[in-house]
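S.K.: Residue strings, one per chain:
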Amino acid sequence: MTCKCEDIKDCFVIEARMALPNQYFVGRIGSKWIIAMRDKKKLTGLKCDKCNITYVPPREHCNKCGATIADNWVDVGTTGEIVNFTIVNYNDKHLPKKAPYILGQIKLDGADTPLTHIVADVDPADVHVGMKVKAVFAEGPVNTLMQLDHFEPV
Amino acid sequence: MATKRVAICAVAQHKNEPDLWYKRFQNMLLDVLEDLQGQTGFKYGENGVGIIVSASDDFFDARTISNNGVTDVIGGQYLAEEKMAQEGLNAIGYANAIILSGHKDLVLIMGHCKESQGESRNMITNCGFDPFYGRATGLDYLNAAGLQAQAYMRKSGLTDDQLAEIVVRSRQWAARNPYANAQEVVPAGKVKASPMLCDPIRQLHAYPVSDGAVGLLLASEERAREFTDNPVWITGFANCMDAFFFGDRDLTSNFALKKATANACRRAGIQDLKKAADVAEVMDCYAYQQPMWMEGLGFCGDGEGGRFIAEGGPGKYRVNLSGGTLAGNPMIISGLYRAAEATLQLQGGAGDRQVPDAKCAVAHSTNGPAGQFHSVLILEA
Numbered sequence: 000m001t002c003k004c005e006d007i008k009d010c011f012v013i014e015a016r017m018a019l020p021n022q023y024f025v026g027r028i029g030s031k032w033i034i035a036m037r038d039k040k041k042l043t044g045l046k047c048d049k050c051n052i053t054y055v056p057p058r059e060h061c062n063k064c065g066a067t068i069a070d071n072w073v074d075v076g077t078t079g080e081i082v083n084f085t086i087v088n089y090n091d092k093h094l095p096k097k098a099p100y101i102l103g104q105i106k107l108d109g110a111d112t113p114l115t116h117i118v119a120d121v122d123p124a125d126v127h128v129g130m131k132v133k134a135v136f137a138e139g140p141v142n143t144l145m146q147l148d149h150f151e152p153v
Numbered sequence: 000m001a002t003k004r005v006a007i008c009a010v011a012q013h014k015n016e017p018d019l020w021y022k023r024f025q026n027m028l029l030d031v032l033e034d035l036q037g038q039t040g041f042k043y044g045e046n047g048v049g050i051i052v053s054a055s056d057d058f059f060d061a062r063t064i065s066n067n068g069v070t071d072v073i074g075g076q077y078l079a080e081e082k083m084a085q086e087g088l089n090a091i092g093y094a095n096a097i098i099l100s101g102h103k104d105l106v107l108i109m110g111h112c113k114e115s116q117g118e119s120r121n122m123i124t125n126c127g128f129d130p131f132y133g134r135a136t137g138l139d140y141l142n143a144a145g146l147q148a149q150a151y152m153r154k155s156g157l158t159d160d161q162l163a164e165i166v167v168r169s170r171q172w173a174a175r176n177p178y179a180n181a182q183e184v185v186p187a188g189k190v191k192a193s194p195m196l197c198d199p200i201r202q203l204h205a206y207p208v209s210d211g212a213v214g215l216l217l218a219s220e221e222r223a224r225e226f227t228d229n230p231v232w233i234t235g236f237a238n239c240m241d242a243f244f245f246g247d248r249d250l251t252s253n254f255a256l257k258k259a260t261a262n263a264c265r266r267a268g269i270q271d272l273k274k275a276a277d278v279a280e281v282m283d284c285y286a287y288q289q290p291m292w293m294e295g296l297g298f299c300g301d302g303e304g305g306r307f308i309a310e311g312g313p314g315k316y317r318v319n320l321s322g323g324t325l326a327g328n329p330m331i332i333s334g335l336y337r338a339a340e341a342t343l344q345l346q347g348g349a350g351d352r353q354v355p356d357a358k359c360a361v362a363h364s365t366n367g368p369a370g371q372f373h374s375v376l377i378l379e380a
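Which chain is which? The protein sequence lines are G and A, in order. Residues in the first sequence are numbered from 0 upward in steps of one, following numbering that gives the first Met the number 0. Residues in the second sequence are numbered from 0 upward in steps of one, following numbering that gives the first Met the number 0.
Chain A extracted, bound-state conformation:
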């Protein structure tokens, strides 16, 4: 029988690191798994976890079917295991559907990525463009973001000073997050003096190369309390894909994010997300994306990202108290880190970052060049 609600029972995060060359991603996952088992006591097999959804990326792992190297360690051998090749937050959307359908009542999600393995993230993301129409000009996710940032700053009035302010704030919060990669506090002057990577994106506006792994245990409403006293409920999830051809998109319209937000809010019965959410975790690979995605999520009006920063929006709406992606997560599982932080906040387990009495959180992720694809997850305590 299908359950009414799905709970995130527990989350475990591997600390993000710039270059864990001496640790295999299998070992990172094992640490995460043992943490989750320690928290919940879950077992595999009959009446336990019978299906695992992994999340990883073939090109970053430099092997096809990137889950083939981890199925044993995450417990997928002899059981059902499927990989989410889209950004990791969608593994939660998929697991939610598995449980809501009544197919299974427990799902384990295990995501990993070591970005440090690749010589260049940009070489990998260049392959995200059409082999014929896109790759030859050198398009990659960084210069695509550069194009979007140019257009967005013209539209929103966002300034270089404000971009620095976003990075400074991210690091201040990351310093309180034991799982963040870039925990070093930086002054605004250092951000503004960092070299221009791709106009207007500076080096310190870009998320650092990161190795990480995340696990979550999801359960039906009927079984959630076997594993936790603080279930966090998935009340809304949606995603939306914009056009593949770069030139077909209005790069500043937030088309896909607005649609994903509207659909997730409808599922959750939320009229106004900025009033409902106590915490927001957004996937900001580049500093300009934080206000831009907040716009798409409806926390400020169209083109008002500059004003949002000027008026202290990130503090007011408790945006990215984890430090966000700017403080360093692997891109392909950044949404899982966002969801993990949101879950901790709703469970009262966010340590120095805890928002008192947080009841509702939104976790966001994006994939594809310059926010082609967006996912929105709404969680409630």
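With the rest of the complex left out, here is chain G:
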């Protein structure tokens, strides 16, 4: 059916917004992960010995075999390699930076699952797959994923 031509006399829309402040428990695993970053400037992951996979971000159970791996913390490097990236060329309220900025998938040394994060201090034209990058931590306590502020070229 095609849209009938509607009479729009005396019609109006209202401007509305949903703002629902809320708390979110990041979990025991997530809390430990952030604390290691915040207090020791260390990046950690959880390893499944059976599948030989180190997960970053960490999680309680192996994504492959389902084994509980919550106690098998390992340190991973604060350096790694860009395995994939895109350049965000649009601006929007949920974005942490003004365009253009680089969103990368970074495989940290010793980790098996790439972490998606911001890559900064590099010209978007120069970023490439295989580029070595290092983590730059926030100075004070942030207590979110942004405790790891961004990655930059080594």
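Careful, some of the hints might be misleading.
Stated by the list, open to error - Derived DSBU-like pairs: lysine-lysine, alpha-carbon spacing no greater than 30 Å straight-line:
1. A:K315 x A:K154
2. A:K257 x G:K49
3. G:K133 x G:K63
4. A:K154 x G:K133
5. G:K41 x G:K97
6. G:K97 x A:K274
7. G:K92 x A:K189
8. A:K22 x G:K8
9. G:K92 x A:K191
10. G:K63 x A:K257
11. G:K97 x A:K189
12. G:K97 x G:K40
13. G:K8 x A:K315
14. A:K22 x G:K92
15. A:K154 x G:K131
16. A:K258 x G:K63
17. G:K133 x G:K92
18. A:K14 x A:K191
19. G:K133 x G:K40
20. G:K96 x G:K8
21. A:K315 x A:K258
22. G:K133 x G:K97
23. G:K49 x A:K258
24. G:K96 x A:K257
25. A:K14 x G:K63
26. A:K189 x G:K96
27. A:K22 x A:K3
28. A:K358 x A:K273
Bear in mind the hints are in silico, worked out from the structure with no lab data behind them.
Once you have looked at the hints, place chain A on chain G.
M.R.: Okay, now just chain A, sitting in the frame of chain G:
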């Protein structure tokens, strides 16, 4: 007693529009409903429709339990009504199960979404990521697709020229589809000159903001011919969910789509979908997704999406003669539009887009960032 087969008896589509600010989604649904009733004469209640499956999205509707605003208009008041919160094609999978189980013999499906209501689709899809591990970096479905497109173009050899070709073709077909949103034919040069949104996705590679509504009437085999002379049979349906954490996925493997396709084909008794299907409707929110999903559906080999386009695959296999999602449907009910077009093709009702004597069609949809979740529906005349 459980039926053997389930039929789609009729479909009705509201024309997709960029900004129907002067029309409530309730009114859009009412137009769709009246169209369906006009086609089939169905009634509600005893011996009529006793259950309605709606499809919509809370965040796009900016209200929780997004079906609460439409239950009266779709006839759900005083009857059974349930909402499919997953992408709309799964409402067909669910209705199919309701009828196959013998629970009911008639199901009405009603899907709606006005994407124009939101200031930004990307702000909404940012909320599709984990509140702690995902949202802070600004991940949304567009830049997630940008990441996937980067990886897929490296793997498949798909080029910017080919992406433009996909968009040009989509618009050419959309111009023949009275329900499509973006019907304006565009030259390849304009596509290639459109601004880069998220490398390598350009503005015209992305589906336009769309308002739409779709309805379908499904019936058991025993009752289908009360409502239509041209029942279209659901012979296969399956879906598959890949990992939630972005980094756990191989973004170019089509893992979930391959599994969904294999399961749907097994149900339908189909060995080779590319030989069986006369028509394919895939949910291509971004141009690169059309060849990529065709790969996942088995129409070309792994990593051969670039070659698929170069060899005219979309024309050969009659892909997205509706214009596809690239021509504009709301994302959350895009699968219902794909299924509606596939049904019209099998009923011989696709107008200027009609494939002569089409007997089998595949309708596909996806949800979640960069094709995390896929659904596959196989229909036969």
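S.K.: For a quick check of understanding: which of the numbered hints are violated here, in increasing order?
M.R.: 6, 13, 20, 24, 25, 27
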